[in-house]
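**Q** Listed here are the chains, written in short residue letters.
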Amino acid sequence: MFEGPVQRLIDELSRLPGIGRKSAQRLAFHLLNVEQADARRLAQAIMDMRDQVKTCARCFNVTGSEECSICRDLRRDPAMVCVVERAQDIVVVEKTQEFRGRYHVLGGALSPIGGVGPGQLHFAELRERIGNEGIEELIVATNPTVEGDATAMYVAREMKPLGVRVTRLASGLPVGGDLDYADELTLGRALVGRQEM
Amino acid sequence: MAIRSDQGIVLRSFPFGEADRVVVILSPNHGKLRTVAKGIRKTKSRFGGRLEPFTHVDLVLYEGRNLDTITQVSVIETFSHLRDDLDQVIAAGTMVEAVDAVASEGEPSLRLFLLLQRGLRALDQGETSSDLVTAFLLKLAEVIGLAPALDFCASCGRQAQTLRFGFAAGGAVCDNCPTEGAVRLRPGLTAYLSVLAEADLADLPQPDPRFSGEAMGIARRFVEYHLERRLSSLAVLDE
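Protein sequence lines, in the order shown, are assigned to chains R and U. Residues in the first sequence are numbered from 0 upward in steps of one, following numbering that gives the first Met the number 0. Residues in the second sequence are numbered from 0 upward in steps of one, following numbering that gives the first Met the number 0.
Derived from the structure by calculation, the hints contain no laboratory data. As the structure is a computational prediction, the values presented were derived from the model and not from experiment. Positions of the beta carbon are idealized from the N, C-alpha and C atoms, including for glycine. Not one of these hints is a red herring.
Partner residues are not named here, just some residues of chain R that face chain U (Cβ under 7 Å, in silico):
#, residue
1, P111
2, D182
3, L184
In silico BS3-like cross-links for lysine-lysine, where the CA-CA straight-line distance does not exceed 25 Å:
#, chain 1, residue 1, chain 2, residue 2
4, R, K21, U, K37
5, R, K94, R, K53
6, U, K43, R, K94
7, R, K94, U, K41
Label pairs and their computed distance ranges (CB to CB):
#, chain 1, residue 1, chain 2, residue 2, range
8, U, A190, R, N131, 50 to 58 Å
9, U, D202, R, R71, 54 to 62 Å
10, R, V91, U, A190, 50 to 58 Å
All chains, full assembly: derive it from the sequences and hints.
**A** This is the structure:
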């Protein structure tokens, strides 16, 4: 055990996900040896994030202002909305550079087993957006798990009657994978969703 | 530490560490298993969709101090069709949730396993009536030794006409017995419940819309009362 401030930092760091006692100790001593300004910048970044981050009033993405940069971007197609579980998922879809519409973060997935119902997620706001923004297509990009699938089915059931097209990300074989190792559920879906060449 | 093989139906799983999941499985031989699937959340994981809830799998496990690590999985039955419909998913969720609540670790549970397997198979083959979940819950109560009295009065044991149901009393009660908290039933409901409790899950009688809803309500409340917890799957679309 170390004295005072060093131990305090180790204790705090070891509460972070994926960081054990040993890693926390390594990080703490690293921070002790770097330039004063570097350590200060890290501390400031953490403080700023907590103080300044808000959720976008329109899509619930994390942002520094009232609306996120994607919602404010006029070059984006307002008719297409990609529905995701968490704000982190937006970055993943953005990286593909294939999608030029807007997003809607639900804040989780319906979980029959976990007891998460529609009332706990941002469905009402999505319904409102469909009425106000002239949305034509919802692309549901929830995880291909029981919860994600249940969420997608719920979106289809609730939003289709409002006159929007509801699509779901395709499920299939990962690029660079091996057919030999594909599981029955995934391969089955890949077969059902096969495409004409 | 040893390597052993087992089989079972996946009840649920939750994220663990960076890319792992704890997978809770019901084995007919060893009851509830708590296992770790390393790296399963990565898209190129060799487990793929094999450890999704409701899947019946064959496992090779490496025994650990707290949790066993899954080293190999192969699928015995996927029950994949029940995932195509929201109501079916909720019904299947109710089944695994109830089983999860009653199963214990390290205790052989063949009857519970077979009941779950039959229930999921009936759903997978397209049974959509809520009577399936009702029958499943009544059978589950029987497996754990809590079968509700339906053909006789739970309080005095006589074969009288029963028009009330006492959750604490353990079943239908006659009008002669003062039972606190008993609810009044539609005439014929106990007979309807009794038929469901005995029915084959794969071949249920034609559902009767006059009784289905109320039968489900009674079975649900009865199981919830005795498990001392709510079945959250059924409550998901209640709001």
